[in-house]
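Protein chains in written order, with our numbering: chain A, 1 to 578; chain B, 1 to 164.
These are computed hints drawn from the structure, not numbers from a lab. Please read these numbers as outputs of a predicted model, since none were measured by experiment. Just to be clear, a hint being listed does not mean it is correct.
Unchecked claim - Pair by pair, the computed Cβ-Cβ distance ranges are:
(1) Lys161/B with Val63/A: 55 to 61 angstroms
(2) Asp169/A with Gly111/B: 19 to 25 angstroms
(3) Lys563/A with Ala13/B: 51 to 57 angstroms
(4) Glu124/A with Lys10/B: 44 to 50 angstroms
(5) Ala13/B with Ser458/A: 47 to 53 angstroms
(6) Asp30/B with Asp114/A: 41 to 47 angstroms
(7) Gly487/A with Asp30/B: 26 to 32 angstroms
(8) Asp169/A with Ala93/B: 23 to 29 angstroms
(9) Lys10/B with Thr42/A: 37 to 43 angstroms
(10) Gly462/A with Ala17/B: 51 to 57 angstroms
As the list claims (entries may be wrong) - Computed cross-link-like contacts, BS3-like style, restricted to lysine-lysine with a CA-CA straight-line distance of at most 30 angstroms:
(11) Lys577/A with Lys27/B
(12) Lys81/B with Lys173/A
(13) Lys550/A with Lys338/A
(14) Lys173/A with Lys107/B
(15) Lys485/A with Lys27/B
(16) Lys515/A with Lys5/A
(17) Lys173/A with Lys85/B
Cβ coordinates follow ideal geometry from the N, Cα and C atoms, glycine included.
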Amino acid sequence: MVNLKINGQDVTVPAGTTVLEAARTAGIDIPTLCYLKDVSQTGSCRMCLVEIKGGRALQAACVYPVAEGLEVYTNTPAVRNARKVVLELILSNHDRKCLTCERNRNCELQTLADELGVTEIHYEGVRNEYDVDQLSPSIVRDNNKCILCRRCVNMCKNIQTVGAIDAIDRGFKTSIGCAFEKSLGEVSCVNCGQCIAVCPVGALREKDATDDVWAALANPDKHVVVQAAPAVRAALGEEFGYEMGTPVTGKMAAALRRLGFDKVFDTDFAADLTIMEEGTELLHRIQNGGVLPMITSCSPGWIKFCEHNFPEMLENLSSCKSPHEMYGAVIKSYYAEKAGIDPKNIFVVSVMPCTAKKYEAQREELGVNGLQDVDSVLTTRELAKMIKEAGIRFTELPDEVFDDPFGEAATGAGVIFGATGGVMEAAIRTVADILDNTSHSEVEYEAVRGLEGIKLASVEAGGKTIRAAVAHGLGNARELLNKVKSGEVEVDFIEIMGCPGGCVNGGGQPIVSSKDRMDKDIRAERAKALYSEDKNLPLRKSHDNPFIKKLYEEYFEEPGSHKAHNLLHTHYVARDKH
Amino acid sequence: MAKEAVIPFKGTAQQEAELMSVIAQHKDQDGALIPVLHQAQEIYGYLPIEVQTMIADGLGVPLAEVYGVVTFYTQFSLNPKGEYKIAVCLGTACYVKGSGDILEKFKELTGIDVDGCTPDGKFSLEATRCIGACGLAPVFTINEDVYGRVTADDIPAIFAKYQD
Numbered sequence: 001m002v003n004l005k006i007n008g009q010d011v012t013v014p015a016g017t018t019v020l021e022a023a024r025t026a027g028i029d030i031p032t033l034c035y036l037k038d039v040s041q042t043g044s045c046r047m048c049l050v051e052i053k054g055g056r057a058l059q060a061a062c063v064y065p066v067a068e069g070l071e072v073y074t075n076t077p078a079v080r081n082a083r084k085v086v087l088e089l090i091l092s093n094h095d096r097k098c099l100t101c102e103r104n105r106n107c108e109l110q111t112l113a114d115e116l117g118v119t120e121i122h123y124e125g126v127r128n129e130y131d132v133d134q135l136s137p138s139i140v141r142d143n144n145k146c147i148l149c150r151r152c153v154n155m156c157k158n159i160q161t162v163g164a165i166d167a168i169d170r171g172f173k174t175s176i177g178c179a180f181e182k183s184l185g186e187v188s189c190v191n192c193g194q195c196i197a198v199c200p201v202g203a204l205r206e207k208d209a210t211d212d213v214w215a216a217l218a219n220p221d222k223h224v225v226v227q228a229a230p231a232v233r234a235a236l237g238e239e240f241g242y243e244m245g246t247p248v249t250g251k252m253a254a255a256l257r258r259l260g261f262d263k264v265f266d267t268d269f270a271a272d273l274t275i276m277e278e279g280t281e282l283l284h285r286i287q288n289g290g291v292l293p294m295i296t297s298c299s300p301g302w303i304k305f306c307e308h309n310f311p312e313m314l315e316n317l318s319s320c321k322s323p324h325e326m327y328g329a330v331i332k333s334y335y336a337e338k339a340g341i342d343p344k345n346i347f348v349v350s351v352m353p354c355t356a357k358k359y360e361a362q363r364e365e366l367g368v369n370g371l372q373d374v375d376s377v378l379t380t381r382e383l384a385k386m387i388k389e390a391g392i393r394f395t396e397l398p399d400e401v402f403d404d405p406f407g408e409a410a411t412g413a414g415v416i417f418g419a420t421g422g423v424m425e426a427a428i429r430t431v432a433d434i435l436d437n438t439s440h441s442e443v444e445y446e447a448v449r450g451l452e453g454i455k456l457a458s459v460e461a462g463g464k465t466i467r468a469a470v471a472h473g474l475g476n477a478r479e480l481l482n483k484v485k486s487g488e489v490e491v492d493f494i495e496i497m498g499c500p501g502g503c504v505n506g507g508g509q510p511i512v513s514s515k516d517r518m519d520k521d522i523r524a525e526r527a528k529a530l531y532s533e534d535k536n537l538p539l540r541k542s543h544d545n546p547f548i549k550k551l552y553e554e555y556f557e558e559p560g561s562h563k564a565h566n567l568l569h570t571h572y573v574a575r576d577k578h
Numbered sequence: 001m002a003k004e005a006v007i008p009f010k011g012t013a014q015q016e017a018e019l020m021s022v023i024a025q026h027k028d029q030d031g032a033l034i035p036v037l038h039q040a041q042e043i044y045g046y047l048p049i050e051v052q053t054m055i056a057d058g059l060g061v062p063l064a065e066v067y068g069v070v071t072f073y074t075q076f077s078l079n080p081k082g083e084y085k086i087a088v089c090l091g092t093a094c095y096v097k098g099s100g101d102i103l104e105k106f107k108e109l110t111g112i113d114v115d116g117c118t119p120d121g122k123f124s125l126e127a128t129r130c131i132g133a134c135g136l137a138p139v140f141t142i143n144e145d146v147y148g149r150v151t152a153d154d155i156p157a158i159f160a161k162y163q164d
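For reference, chain A alone in the conformation it holds in the complex (with noise of 0.2 angstroms):
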């Protein structure tokens, strides 16, 4: 242990930790930009600046480690003055449309506006222009904003070994964009929103549905349907003021109900659908010699992610849709059928924690008799948008249950798909009660759970050893998928989750500020929400689930079906790798 002082105080703190984290501990708040737990550590913005005693000029508390006898002090004029300083010669180059921008009120270079009391900008000079980036179907990107801290390009290279961006040109001309001032939809990013999540300004948003999805509510021609994948309820509310970790599936359910929509599903019934497919998909492969590992394919990040850098293995890769994409050909076909509706009537909306499902709702191969499956995709944030514009007083509301005929009889299996591990550990509770011929009373696996990068674990079940393996963050799927080629791990089934944490820190989750982020770890808080929701819930597997079995019945006879393939499978296409 090191002891300092910070402003006099007596500070006790691990070695190795920073000024910043020390200061924090002892309940002082030093302004950040480019700073971000776990992501972005290298000193650039000039925030948070510091003075130490005996030292030539102030220090970056972000980079600077705490030493034995080291004393710090936070709040003196010199400081107070430069970061006043810093901060306007920032904003002297921003955008400041605070108004009518995507983050107001949610902003950090706002805040740190208010809080440093910045209330004239004495640096009016030239200020760079630049083109908005629309062209990707997830993600808008407008340099107007940007302020620099490269926590995206940080979070895209080496989190999640996309590369897509970088800062381009030097001094005043500096950009953030793609090799050779392409568009985000024109090179190989995966669409996975993680720029998104870590931008402290307006500078990257999801490209926005919410007009779409208003037109198709305010069209009486249009059956306008809505499905909520599980990682939303874990954290809509946040947007409300709940805590982070509070499941709101009830109020989530009545929310969509008074926005209009004219039949409100679970995407927990397609999760649960996704097991059977995928399941039998991979006994198929075991029992018949075919190609293994097999990966999951829920994530659309991920997917582009495989495409682009390893094509030679998309073989691996399930053939299964991803659930949304399943539920929207199933309300196309069954539920049309059921509901006497003509399926060209029918608008679904995804909502969905991801911004990557914007891009995979319009790839072609997805979509049935020139119908694309799902027609529009909302994220977590842009429901909340919604539900504020219209005046619905979200803590008010009652808890409410989704409609049938798909019911409210989602599985436990079916929720934790929003966590990492959670599909794996769905698939063995569905796989290991069909070789072992039985019904386990033991259905939470450990081993697949948690944080690690990457998870291994092994299931005996019908006399059977089932090697799994886990990788979630796109850093972290790389490294899997290169042991898994040179044969240092060798595994049947592999569960890769595009973003960090699983859904429930996707690309289109609510915004967590650089502050919060160093006190709680969002992917752990929000898998609470749902581990909470499978241990209350009465069916825990998903071939348990009533209205699955009742589905294929009336409908898709059994998993692997030829109907099933038709609706409920795709295939993949080799990308360039830039």
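Please build the complex by placing chain B on the supplied structure of chain A, with the hints as guidance.
Relative to chain A, chain B alone:
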């Protein structure tokens, strides 16, 4: 918004083999990118997307990072040089004597921007820092030919001499 290549890439198999051997020499070194870019520019004369892509793949570095480094250093060029290299001095003396207008005139006549090259590969245009001929300000050069004490009105006639 993307920058389109004006000149089609004409790299040869021999150039590619040279580049590959440079990459192989540096592959596992830290900070290999900059020395490789230097040598690539010597081999090709400039660093178009095709060359940067080979370097990105060869070194296992994202293309965006390669491009970021290329655009950071003025020494690296994204465009080939033309058969005639027009270089207008924007040093202080030339600038106050009106070399800015001369540069604009050349942009207008060639249809290219600074650091660009005409699609036929004939002319490239550069804005230079002081070339040390302030007594002749404003000055520009076309290859080895030096022109001084000129005005923008003189440019069309001079330019015409190189357009056969």
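Quick rundown of the hints versus the structure:
1. Lys161/B with Val63/A: 55 to 61 angstroms: Hint holds: Cβ distance 58 angstroms, inside 55 to 61 angstroms.
2. Asp169/A with Gly111/B: 19 to 25 angstroms: Between Asp169/A and Gly111/B, where Cβ atoms are some 23 angstroms apart, the hint holds.
3. Lys563/A with Ala13/B: 51 to 57 angstroms: Cβ of Lys563/A to Cβ of Ala13/B: about 53 angstroms, so the range 51 to 57 angstroms holds.
4. Glu124/A with Lys10/B: 44 to 50 angstroms: Holds, since Glu124/A and Lys10/B (Cβ atoms, about 48 angstroms apart) stay within the stated range.
5. Ala13/B with Ser458/A: 47 to 53 angstroms: Holds: the Cβ-Cβ distance is about 50 angstroms, inside 47 to 53 angstroms.
6. Asp30/B with Asp114/A: 41 to 47 angstroms: With a Cβ separation near 43 angstroms, Asp30/B and Asp114/A satisfy 41 to 47 angstroms, so the hint holds.
7. Gly487/A with Asp30/B: 26 to 32 angstroms: 28 angstroms, holds
8. Asp169/A with Ala93/B: 23 to 29 angstroms: Because 28 angstroms falls inside the window, the suggested range holds.
9. Lys10/B with Thr42/A: 37 to 43 angstroms: Cβ of Lys10/B to Cβ of Thr42/A: about 40 angstroms, so the range 37 to 43 angstroms holds.
10. Gly462/A with Ala17/B: 51 to 57 angstroms: The hint (51 to 57 angstroms, Cβ to Cβ) holds, given that Gly462/A and Ala17/B are roughly 55 angstroms apart.
11. Lys577/A with Lys27/B: 19 angstroms, holds
12. Lys81/B with Lys173/A: 23 angstroms, holds
13. Lys550/A with Lys338/A: Measuring from Cα to Cα gives roughly 13 angstroms; hence the hint holds.
14. Lys173/A with Lys107/B: Measuring from Cα to Cα gives roughly 21 angstroms; hence the hint holds.
15. Lys485/A with Lys27/B: 21 angstroms, holds
16. Lys515/A with Lys5/A: With a Cα-Cα distance of about 22 angstroms, the restraint between Lys515/A and Lys5/A holds, given a limit of 30 angstroms.
17. Lys173/A with Lys85/B: Distance of about 25 angstroms is within 30 angstroms: holds.
Checked against the numbered hints given earlier, the structure satisfies every one of them.
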